[in-house]
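As they're listed, the protein sequences go chains A and B.
Everything in the first sequence is counted per the numbering used here, starting at 1 for the first residue and increasing by one.
Everything in the second sequence is counted per the numbering used here, starting at 242 for the first residue and increasing by one.
If you are wondering where the hints come from, they were derived from the structure by calculation, not from laboratory data.
Where is the CB? At the ideal position from N, CA and C, for every residue including glycine.
Some clues are possibly wrong.
[Unchecked claim] Partner residues aside, some chain A positions facing chain B, computed with beta carbon under 10 angstroms:
1) Leu-64
2) Ala-65
3) Glu-68
4) Val-69
5) Gly-82
6) Thr-122
7) Val-128
8) Ala-129
9) Met-133
10) Gly-134
11) Met-197
12) Ala-207
[Said to hold, decoys possible] Simulated restraints on C-beta separations:
13) Gln-88(A) - Trp-374(B): 21 to 31 angstroms
14) Glu-229(A) - Met-289(B): 44 to 54 angstroms
15) Gly-341(B) - Ser-86(A): 51 to 61 angstroms
16) Asp-208(A) - Pro-419(B): 23 to 33 angstroms
17) Arg-71(A) - Trp-374(B): 35 to 45 angstroms
[Stated by the list, open to error] Covered stretches of chain B (chain A as the covering partner; in silico rule of three or more C-beta atoms under 8 angstroms from a C-beta of chain A):
18) 372–386
19) 400–408
Listed here are the chains, written in short residue letters.
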Amino acid sequence: MAAAANARLTGALRSRSGAAERLSYSAFGGTFLSSSENPPEVTALPQDLVVCEHCDAVHRWRALASDEVARCSRCAAVLGRGHALSAQSTIALTLAALFVFLIALLTRVVTIRLGSTETATTLPDAVVATWQMGAPIVATVAALTAIVAPGVLIVLRLYLLLPLATGHVPRHFGTGMRVLHEISRWSMVEVMMVAAMVSIVRMAALADAAPGVGMFAFGALALLMAALETAGVRHYWVDRS
Amino acid sequence: MTAHTGPNALLGCECCGVVTSVAEAALERPVRLRCPRCGHPVHPRRPMSLQRTWAYLVASTLLYVPANALPIMSTVNLFERSSHTIIGGIAELWTDGAYGLAVIVFVASIVVPLLKIAALALLAWTVPRAPAWRRRERARLYRVVETVGHWSMLDVYVVVLLAGMVNFGRIASAEPEPGLLAFAGVVVLTVLAARSFDPRLIWQEPKHDG
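Take these sequences, add in the hints, and give me the full structure.
Laid out in structure tokens, this is it:
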């Protein structure tokens, strides 16, 4: 992981200073938009600057040790983390997340016994059942936040990371990174794990319920996603060049 | 080298983090600027931030009433059909002795939505009226709202799981009710409200307009 990916403020250059050196787009490796898409007054600056996205304060990057967290000098928001994960370990974690995600979807979350009847439900079954019972919008919201968003996050990360690890830049890299950025807040697998626990207790009044493999898979997935989230994705931009 | 004169603004891309230098004259023109690295729109402030935040907040406050007043789920067994509101579900967990889960659901379904609406209203209200008041604390408040917001989806998932699992026809079944749609609406609208609010407004000096 390139050292420049990690940052720490070394002084608060205040915003709105135009003094920094100007570079042309091509200084970053050629996949920039052509100047016709932007007016000529828009110029990318060297990558050792970071603007706090919560308050606009400008800082200068420096390499971070693996347990350091850089915070904005003005509003204390996290600017970056030094993390111990190499590109290989990130790929390994993402692959693990993919398998755990498939297990979580394909195995039963809860098994219920009522008299001699036993039923078991996977999350996709539950979403379909909700749709058929006349709540299609709720079913869609649940499917998007618990199935589609985490699935896209995992697959897209692999799509971007695997070529980078071998020195290639995947096609549509910029679009992929933007989708990753937009979708990350809509993935809510950690909530699903707690929801499975709550539903088991709520169901005790109606039938005998026991946790299935799927529930534990959601727990493991929540941990893996949290680790990946902390590792961040912005440094892919630096790994790329 | 560009030929313009006049002051420049440094803008960070919200998506990829690259820092661009933009002539302030270019920001005043009605042109959509894009990040030269990733193509995400760059703007000094999220567009119409306060108006959008207030709109989502009003909508989620209105939906909050049916979300709590109407049942979110009904259960059927051989003898009876009963409806459950959000508060009722929490009370059931508590009387079943699942105190920890009752507290988690109470926080996720009652405290978090109210806290989000109140906190975002406070943030949006103070930007024009008390710009210099406790800036660091307000910045932290926004980050907390952003982090905990999605936990209110908990009750939506619980009903979806129950509807899928308790499916024994007339002997026992669980069905979603209209209150759940309102509640899911509250969750989605408050997440959108949090995304519309631009925390950079907290740090804006009063002389700049937003």
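Problem set entry | Which numbered hints fail | 1, 2, 3, 4, 5, 13, 14, 15 and 17
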